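Peer 1: Sequence:
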Amino acid sequence: MGHMTIEVRTASEPVAMTNAIREGERMFAWLASLFGLLTLLLASVGLYGVIEYSTMRRTAEIGVRMALGAHRRDVMAMVLREALRLTAIGVVIGLALAPAVGRVVSSMLYGVSAADPLTILGASVLMFVAAALAAFLPARRAMRVDPIVALRYE
Numbered sequence: 002m003g004h005m006t007i008e009v010r011t012a013s014e015p016v017a018m019t020n021a022i023r024e025g026e027r028m029f030a031w032l033a034s035l036f037g038l039l040t041l042l043l044a045s046v047g048l049y050g051v052i053e054y055s056t057m058r059r060t061a062e063i064g065v066r067m068a069l070g071a072h073r074r075d076v077m078a079m080v081l082r083e084a085l086r087l088t089a090i091g092v093v094i095g096l097a098l099a100p101a102v103g104r105v106v107s108s109m110l111y112g113v114s115a116a117d118p119l120t121i122l123g124a125s126v127l128m129f130v131a132a133a134l135a136a137f138l139p140a141r142r143a144m145r146v147d148p149i150v151a152l153r154y155e
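Going by this note's numbering, the letters in the sequence shown line up with residues 2 to 155, in that order.
In short, the hints are calculated from the structure, not lab data. Be careful, since some hints might not be right.
[To be verified] FRET-style restraints, in silico, Cβ to Cβ:
| hint | residue 1 | residue 2 | range |
| --- | --- | --- | --- |
| 1 | T11 | I90 | 50 to 58 Å |
| 2 | A116 | F137 | 26 to 34 Å |
| 3 | M28 | D147 | 51 to 59 Å |
| 4 | R27 | R145 | 42 to 50 Å |
What you are looking at is a predicted structure, and each value in this text was computed from that prediction instead of being measured. No residue lacks a Cβ here, since even glycine has one placed at the ideal position from N, Cα and C.
All chains should be modelled from the sequences, with the hints used to inform the complete structure.
Peer 2: So, in structure tokens, the structure goes:
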């Protein structure tokens with residue numbers, strides 16, 4: 002029995018296609034990063050709104066606390082704790098969903114694993130930093146509440 006040899010040729014050099022393939026992956030990674038940053042911005046604005054509203058509703062309580070001797074830093078810490086508590090709830094939910102989402106993303110991006118601890122830690126820290134920044138203005142306003150003015154409206 003004789004052996005037959007078949008020669009297969011490509012229309013172009015495969016090496017030349019690698020740049021085009023990598024460019025597509027880079028574009029996808031760039032778009033994913035952009036949408037991630039937009040999501041972080043929207044989450045921060047939403048958290049700012051929730052904390053601002055909560056702080057305004059608690060103006061009388063903050064006035065009473067300050068009239069009874071609470072320090073401004075205690076009031077600021079109280080508001081920041083509330084924001085960080087809400088963020089912790091969101092991070093825990095995100096950590097629960099991360100493996101499933103990570104599998105989808107890792108199939109689309111080269112070099113990203115489904116459970117990359119450094120990426121998950123970085124995202125969690127970034128969320129807490131964004132939450133602290135979003136809560137800073139409401140916390141600063143809360144610590145500047147004049148107890149007499151706040152109690153007058155009670």
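Peer 1: Checking against the hints above, which ones are violated?
Peer 2: none
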